[in-house]
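Q: Protein chains in written order, with this note's numbering: chain A, 41 to 374; chain B, 41 to 374.
A couple of the hints might just be wrong.
To be verified - Footprint (simulated), chain A over chain B, 3 or more residues, beta carbon under 8 Å: (1) 187-196; (2) 253-260; (3) 266-273; (4) 279-285; (5) 331-337.
Note that these hints are calculated values from the structure, not bench results. Computed from a predicted structure; not experimentally measured. Backbone N, C-alpha and C fix where the C-beta goes; we use that ideal spot for every residue, glycine too.
There are 2 protein chains.
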Amino acid sequence: MDTKIRVAVDAMGGDNAPGEIVKGALQALESEKDLFLVLIGQEQPLKAELQKYPYDAGRVETVFASEVIEMAEPPVNAIRKKKDSSIVVGMNLVKRGDADAFISAGSTGAVLAGGQLLVGRLKGVERPPLAPLLPTAKGVSLLVDCGANVDARASHLVQFAKMGSIYMENVVGVRNPRVGIVNIGAEEEKGNALVKETMPLLKECKDINFIGSVEARDIPYGAADVIVCEAFVGNVILKLYEGTSSMLLREVKKTLMSSLRTKLGAVLIKPALKRTLKSFDASQHGGAPMLGLKGLVVKAHGSSNAQEVKNSVIQCVNFSKQDMKEKISRGLNV
Amino acid sequence: MDTKIRVAVDAMGGDNAPGEIVKGALQALESEKDLFLVLIGQEQPLKAELQKYPYDAGRVETVFASEVIEMAEPPVNAIRKKKDSSIVVGMNLVKRGDADAFISAGSTGAVLAGGQLLVGRLKGVERPPLAPLLPTAKGVSLLVDCGANVDARASHLVQFAKMGSIYMENVVGVRNPRVGIVNIGAEEEKGNALVKETMPLLKECKDINFIGSVEARDIPYGAADVIVCEAFVGNVILKLYEGTSSMLLREVKKTLMSSLRTKLGAVLIKPALKRTLKSFDASQHGGAPMLGLKGLVVKAHGSSNAQEVKNSVIQCVNFSKQDMKEKISRGLNV
Numbered sequence: 041m042d043t044k045i046r047v048a049v050d051a052m053g054g055d056n057a058p059g060e061i062v063k064g065a066l067q068a069l070e071s072e073k074d075l076f077l078v079l080i081g082q083e084q085p086l087k088a089e090l091q092k093y094p095y096d097a098g099r100v101e102t103v104f105a106s107e108v109i110e111m112a113e114p115p116v117n118a119i120r121k122k123k124d125s126s127i128v129v130g131m132n133l134v135k136r137g138d139a140d141a142f143i144s145a146g147s148t149g150a151v152l153a154g155g156q157l158l159v160g161r162l163k164g165v166e167r168p169p170l171a172p173l174l175p176t177a178k179g180v181s182l183l184v185d186c187g188a189n190v191d192a193r194a195s196h197l198v199q200f201a202k203m204g205s206i207y208m209e210n211v212v213g214v215r216n217p218r219v220g221i222v223n224i225g226a227e228e229e230k231g232n233a234l235v236k237e238t239m240p241l242l243k244e245c246k247d248i249n250f251i252g253s254v255e256a257r258d259i260p261y262g263a264a265d266v267i268v269c270e271a272f273v274g275n276v277i278l279k280l281y282e283g284t285s286s287m288l289l290r291e292v293k294k295t296l297m298s299s300l301r302t303k304l305g306a307v308l309i310k311p312a313l314k315r316t317l318k319s320f321d322a323s324q325h326g327g328a329p330m331l332g333l334k335g336l337v338v339k340a341h342g343s344s345n346a347q348e349v350k351n352s353v354i355q356c357v358n359f360s361k362q363d364m365k366e367k368i369s370r371g372l373n374v
Numbered sequence: 041m042d043t044k045i046r047v048a049v050d051a052m053g054g055d056n057a058p059g060e061i062v063k064g065a066l067q068a069l070e071s072e073k074d075l076f077l078v079l080i081g082q083e084q085p086l087k088a089e090l091q092k093y094p095y096d097a098g099r100v101e102t103v104f105a106s107e108v109i110e111m112a113e114p115p116v117n118a119i120r121k122k123k124d125s126s127i128v129v130g131m132n133l134v135k136r137g138d139a140d141a142f143i144s145a146g147s148t149g150a151v152l153a154g155g156q157l158l159v160g161r162l163k164g165v166e167r168p169p170l171a172p173l174l175p176t177a178k179g180v181s182l183l184v185d186c187g188a189n190v191d192a193r194a195s196h197l198v199q200f201a202k203m204g205s206i207y208m209e210n211v212v213g214v215r216n217p218r219v220g221i222v223n224i225g226a227e228e229e230k231g232n233a234l235v236k237e238t239m240p241l242l243k244e245c246k247d248i249n250f251i252g253s254v255e256a257r258d259i260p261y262g263a264a265d266v267i268v269c270e271a272f273v274g275n276v277i278l279k280l281y282e283g284t285s286s287m288l289l290r291e292v293k294k295t296l297m298s299s300l301r302t303k304l305g306a307v308l309i310k311p312a313l314k315r316t317l318k319s320f321d322a323s324q325h326g327g328a329p330m331l332g333l334k335g336l337v338v339k340a341h342g343s344s345n346a347q348e349v350k351n352s353v354i355q356c357v358n359f360s361k362q363d364m365k366e367k368i369s370r371g372l373n374v
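So that you can see chain A by itself, here it is in the shape it has in the complex (with noise of 0.2 Å):
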């Protein structure tokens, strides 16, 4: 019987494509047993990059696509024109069972466009939203929607609560994990037209650990496991965390190598630096997958090294191995 868990990942996309993707897809089949890998790409890139380094070719596919779409390209256009681009070809994989997921560092815009289009809703998925892990003092916390649906309504909501609980227990680990909603103020009233509405919907929800409103303040210090929210509010809350931690970070660096003193004091304290900072670095827990769609896609930072793809391919494992779609459906009492 082949137990072995399929995986195509994007060797085109991002910012260090192909060298990284293929690099980073390479090294996780050493620490996973049961993954198959399947890379897509233009032939000759693909080619050169696999040659440089050594691997069980009993394990590795390739698959090649002459196109590649662009990071600017009107993503549903994309999708639609561009038949043979990695992440057309890697989506048309999982949707006909030839992969258990699908993992790009490209285009958001066309990845999320075609989990919607090409892979697909689960039945009874109304938005299918985008979930990145956030570091933060206690571990990681699950950010969803950052970025899939905006305008979103309560009931899209009151599903990603389902969904985000059901990924954090089974793939995190984290035991009835709490679910809050983003709010500006902890007292039942605030909030704007859309969290009024879905407040009382999720405290009815009988399957999640609902603890009501987070403040954004209290989110780094991982105030919930489940941070609920719409995809313009949560993609704000994504790309303001990077930002302000990547700013303040090159600005303590700056501060290090200011002076003389400076420098000899950087000296002592690197290595424990290094390993405090290594803790809120969001390469290490992979890319977002999409949640509700009826294969798994997975988002990997445009900018990914190596160690994020690897990340983002063992995560991929996990996921297939609960069983996350049964899960998700089940869950949503579809």
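Given the structure of chain A, go ahead and fit chain B onto it with the hints provided.
A: Then chain B, alone, in the frame of chain A:
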């Protein structure tokens, strides 16, 4: 001719009231020659604080208010019922022209409600936004609106852009300030319904320097001088920015204290690191003014210390000297 600027201060509002409030307000007297202070609060605690410091009694008036609005009280109700609270008394001083400005570190909701209901909007202003200064890698940016008007309309955002631009130019001294709208991507077609509706209206504004979309990731790097968004998103930005900074700095400090080696390193880098971190300390920049009211109302952080109160008072003096009411009315063409 009396050229004194009369700033009323809520001595009872905030986590550190009345001690830090009174201390900070009195400190401002020393650096602002044109300042006259009106301190509002319950008689006993206010007198007790004032006794601790030497100050020019000819420049300080006390107004006793027997009630205090608590943080958890429903704001509009509190403003209507507690007529003798420090917030209501202070707002009424501004309304009657007996004070040029009012500062409170108390309940944000009560300050916002009081500003609208008691002080009132300038003619033509649809919604008065709350506009704090965010410290960035380049200086400061004005975030408008950060919490006053949830579910705002496009026309409100256009007014926020204009009022914010006038504030940055006149009070903060940024020439031809760059105005950006918070969005989830730089491409033309990105955004939610509100942003898509607002974008062309802002492009038509000849009197502001509109630079288009600003992604949340770029806000900490100072991507725009005036950052326009509706209040829910603005509140999330403000709170997450504070939360991420404070959490990361806490983790860095913990790391510095984690071993003998890092402690030695910490001694060497501490003075330089302190200078860097000070430039990202929101309390250096005073409170958040409500723009577009008939008088100046400033909301200081609930956690304000003497330094922030002092800076908020100085900010009020600058605002009043610039005759912002007149400039905003003219800027909105009313």
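Q: When the hints from earlier in the document are held up against this structure, which numbers fail?
A: 5
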